[in-house]
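Work out the full structure: start from the sequences and follow the hints.
Chains as they are written, first to last, in the working numbering: chain A, 1 to 517; chain B, 1001 to 1316.
Bear in mind the hints are in silico, worked out from the structure with no lab data behind them.
None of these values were measured; they are calculated from a predicted model.
Treat the hints with caution; some may be incorrect.
[Unchecked claim] Cβ-to-Cβ under 7 angstroms is the rule here; a few derived chain B residues that face chain A:
1. N1135
2. I1148
3. T1151
4. T1162
5. H1163
6. K1165
7. Q1258
8. R1267
9. L1268
10. A1271
[To be verified] The list that follows gives simulated cross-link-like pairs (lysine to aspartate or glutamate, DMTMM-like), each with its CA atoms no further than 25 angstroms apart:
11. A/K469 x A/E430
12. A/K229 x B/D1172
13. A/K330 x A/D314
14. A/K495 x A/D267
15. A/K229 x B/D1088
16. B/K1165 x A/D267
17. B/K1165 x A/D334
18. A/K469 x A/D447
19. B/K1046 x A/D447
[What the hints assert, rightly or not] Computed Cβ-Cβ distance ranges for the label pairs, DEER-style:
20. B/M1054 x A/E219: 35 to 41 angstroms
21. A/S151 x B/F1145: 52 to 58 angstroms
22. A/S151 x B/F1060: 35 to 41 angstroms
23. A/N501 x B/L1106: 22 to 28 angstroms
24. A/E236 x B/M1054: 47 to 53 angstroms
Glycine included, C-beta positions come from ideal geometry on N, C-alpha and C.
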Amino acid sequence: MKKKLMALLLLVSLLGAVLTGCGDSSTEKASEDGQNETGSTEAVAHANEITVGIAQDLDESLDPHKAVAAGTKEVMFNVFEGLMKPTSTGDLIPAVAEDYTVSDDRMTYTFTLREGVKFHNGETVTAEDVKYSIDRCADTSEGDPLVEAFSVIQAVEILDERTVAITISEPSNEFISYMTTAILPVDYDQQDTAPVGTGPFKFVSRTAQDSIVLEKFDEYWGTPAYLDKVTYKIIENADSIMMSLQSGAIDMFAHLTSTQVAQLGDDFYVEEGTMNLVQALYLNNAEKPFDDVRVRQALCYAVDKQAIIDLAFDGYGSPIGSSMYPAFGKYFDDSLTNHYTKDIEKAKSLLAEAGYPDGFEMTITVPSNYQPHIDTAQVLVEQLKEINVTAKIELVEWGTWLSDVYAGRQYQSTVVGVDASNMTARALLERFTSTAGNNFINYSDADYDALFAQAQACYDDAEQTGIYKEMLTNLTENAANVYIQDLADLVAVRKGLEGLNFYPIYVLDLSTVRWAE
Amino acid sequence: MKYAVKRIAMLLLTMVIVSFLAFAAFDLISGNPAEIMLGTQATPEKVAALEEAMGLNRPFLVRYGEWLIGFFTGDLGTSYSYHQPVWDLIAPKVLVTLCLSVLSFLLIAVISIPLGLRSAGRAGGRLDGLSTALNQLCMAVPPFFTGILLTWVFSTILRWFTHGKFPGLSEDFWGAVKYMLFAAVSIAIPRIAMTGRMMRSTVQAEMQKDYVRTAISRGNDRSSVLYRHVLKNALVPVVTFLAQTMAEIVAGSIVVEQVFAIPGLGRLLVASISNRDYPVVQAIVVILALWVVLAGTVADLINQRIDPRLRLGGGS
Chain A
1 MKKKLMALLL LVSLLGAVLT GCGDSSTEKA SEDGQNETGS TEAVAHANEI
51 TVGIAQDLDE SLDPHKAVAA GTKEVMFNVF EGLMKPTSTG DLIPAVAEDY
101 TVSDDRMTYT FTLREGVKFH NGETVTAEDV KYSIDRCADT SEGDPLVEAF
151 SVIQAVEILD ERTVAITISE PSNEFISYMT TAILPVDYDQ QDTAPVGTGP
201 FKFVSRTAQD SIVLEKFDEY WGTPAYLDKV TYKIIENADS IMMSLQSGAI
251 DMFAHLTSTQ VAQLGDDFYV EEGTMNLVQA LYLNNAEKPF DDVRVRQALC
301 YAVDKQAIID LAFDGYGSPI GSSMYPAFGK YFDDSLTNHY TKDIEKAKSL
351 LAEAGYPDGF EMTITVPSNY QPHIDTAQVL VEQLKEINVT AKIELVEWGT
401 WLSDVYAGRQ YQSTVVGVDA SNMTARALLE RFTSTAGNNF INYSDADYDA
451 LFAQAQACYD DAEQTGIYKE MLTNLTENAA NVYIQDLADL VAVRKGLEGL
501 NFYPIYVLDL STVRWAE
Chain B
1001 MKYAVKRIAM LLLTMVIVSF LAFAAFDLIS GNPAEIMLGT QATPEKVAAL
1051 EEAMGLNRPF LVRYGEWLIG FFTGDLGTSY SYHQPVWDLI APKVLVTLCL
1101 SVLSFLLIAV ISIPLGLRSA GRAGGRLDGL STALNQLCMA VPPFFTGILL
1151 TWVFSTILRW FTHGKFPGLS EDFWGAVKYM LFAAVSIAIP RIAMTGRMMR
1201 STVQAEMQKD YVRTAISRGN DRSSVLYRHV LKNALVPVVT FLAQTMAEIV
1251 AGSIVVEQVF AIPGLGRLLV ASISNRDYPV VQAIVVILAL WVVLAGTVAD
1301 LINQRIDPRL RLGGGS
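Next up, the structure:
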């Protein structure tokens, strides 16, 4: 009897402890919830801050000249600025510089610095800081320069306290695009862990594998940020991401899948941007049977882009027809998107002409860590069956893909997304010139090469844009690849938040985000 | 005294061996921290320059020796990934993981022992089959699954805690403990089932022994025999088992921390391994080794208090 009593007592006391513990938290949370509810109806009640979930930690140097991960650049875009900075429409506007002039030989760029631009440590940006930042990126003492494109820089001269002249070794129309590289204070050696820039937000802290905190920079020269504080919370686990969104711990999360979006509750709305990738069935143009333009065109006629987007991506995604994505408004030519509309008969007759009346077998090599590409490949396999082409998917590790497909060019076809390293058409199109080191599809077309050379020699922006568009048409007409889509970037945003802008590059600008009035 | 010195020497030796093995393992597997740091921008020249700067091109033993000297002089080095002193990086996380482990352990010890005793007393009863089945179920459920389930019920539906909003230990200790309680429960459930089952079988085995029969036949109350004599004897293997559990809790917390988004050592360890961030990995491995060895030592000491015969064995 005593034994039973004791066991019972223990159990009851334990349960009691657990329940009181939870009871406390439940009342506390209830009051918090109450706050949230009033907050979403009358925005005034919100603390002027948000928590943004990100799937990857910034586990590298925070020095913008050294950081390599796209995820790091995405966050630090809010902290750093260059002489120029990109806008959400794909243009470049002066930032730390106020204005610039280009010499007649197009080899000297002279920047006038904006007056009174402050670093986050309170100091004013000087010509020395600019020279230091540019020199640092162009420095070749440790092999290649920190910023590849800076290898053309010959000299950086301080003309007076607000003027800096940069001389380059060959005329270039696109050099200005590289001037988005961050300007850093000259005598500061803590950039790795406590970065200092000139952006609308200043860096506050980083807790490894947990969070990054940014705060509004009050002395920002331009339009100040609306939010006082942004906390980036690192959540890698897919279940944890959904539960944190539903529990209210996170206000915004980018790069979600359509399945995740479908699970979001009523507290969120979805902003659809673009990932700024050219997703395609990339074909090895040097490999049989893809060395025949008719075969490549046949594949283009066999593939229904919209069906892929509907089936594998729940309708999210923008179909494309060449190596350019819609966010690059200036160069994007929508008429190319439907250059090939699904036409099985035409595809079959093209195949017959090319000597494959009964179709053929092919292999699609796909990196195994990118589910969107795998999903796309699976739909492609089904669509190609209609023209008697039997495709087989081969999944490889990312490292293997890099060495075999990208560097080694030992493959038949692959589904991946190709992005632009900076905001120039050149970044997307140079790779298809016959001599380019990263021309992994072995595309070789004399007209294309000639057009590219012409574009490089051209200094009139409108004319150059026209030439780039011709290059895009060339790729489409020769069916260099089976172009599919620019993947959708789905961002869950808590209701009441507004002002999110998408950029044609991989960044998440929070300076315009605000709680609705 | 002599015994204590011997134990401490053993402890240090174990840690040095563990750290050496971890260091060696990293030297053998592929993956170069310099290459990983440079990512897609790596060129052979850049990698070589960075290796030189990081001292990675020196012989293995020299690097290990340097690390060991640093460790004993209190310098754990600087993280390759975060460019921060390792100790600053891991100190707050050690505390979080420690708290989570202790909480889980308390739950296990406090619930499983009485539960085991009670079910031993009830063996063969009407509900015995049911409790055995329940026990099997609890043992089989992996902590990450329980974790997801608990979050769904207590965070998403009941809103007893806000998943993903872990209050810092130093800012709101009790809030953090409350948050961790749910994670601790999901770690504890299978362990409670195992320990309880073990308790039950050792008690049952003990109850069959002659001294128990004698004691009861002499007119002692059954339950007083259970608590005064049987419990002491039955506890020895259970305490040893709990010490092992302590080690496994730490392993379990690595997974559960991810499910509950608790900023403990687990995620940092996993990320540091894939980044080949040796200084961080070494420090965490040594801390975990210390933890496991300490748990074993404490269990030995407790067992000696329970059963003095063990003291002779340990001292000689």
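Inset, instruction - Could you see if the CB distance from B/M1054 to A/E219 stays within 35 to 41 angstroms? - result: Distance hint for B/M1054, A/E219 holds at roughly 37 angstroms.
Legend entry - Pair hint outcome, A/K229 versus B/D1172 [Cα-Cα no greater than 25 angstroms]: Roughly 20 angstroms between the alpha carbons, so the hint for A/K229 and B/D1172 holds.
Inset, instruction - Given the range 47 to 53 angstroms, decide if the beta-carbon distance of A/E236 to B/M1054 lies inside it. - result: violated (26 angstroms)
Legend entry - Holds or violated: A/K495 to A/D267, with C-alpha atoms at most 25 angstroms apart: holds (6 angstroms)
Inset, instruction - Mind checking the CB of B/T1162 against every CB in chain A and telling me if the closest is under 7 angstroms? - result: The hint holds - B/T1162 has a Cβ within 7 angstroms of chain A, the shortest such distance being about 5 angstroms.
Legend entry - Hint validity - B/L1268 Cβ closer than 7 angstroms to any chain A Cβ: Holds - the Cβ of B/L1268 comes within 7 angstroms of chain A, reaching about 5 angstroms at its closest.
Inset, instruction - Closer than 7 angstroms between Cβ atoms is the bar; does B/A1271 clear it against chain A? Give me holds or violated. - result: holds (6 angstroms)
Legend entry - B/Q1258 as an interface hint toward chain A, with CB separation required under 7 angstroms: holds (5 angstroms)
Inset, instruction - For the range 22 to 28 angstroms, tell me whether the beta carbons of A/N501 and B/L1106 fit it or not. - result: For B/L1106 against A/N501, whose Cβ atoms are near 50 angstroms apart, the range 22 to 28 angstroms is violated.
Legend entry - Interface hint outcome for B/T1151 [beta carbon to chain A under 7 angstroms]: holds (5 angstroms)
Legend entry - B/I1148 as an interface hint toward chain A, with CB separation required under 7 angstroms: holds (5 angstroms)
Legend entry - Consistency of beta-carbon spacing, B/F1060 to A/S151, with hint 35 to 41 angstroms: holds (36 angstroms)
Violated hints for the displayed structure, listed by number in ascending order: 1, 13, 17, 19, 23 and 24.
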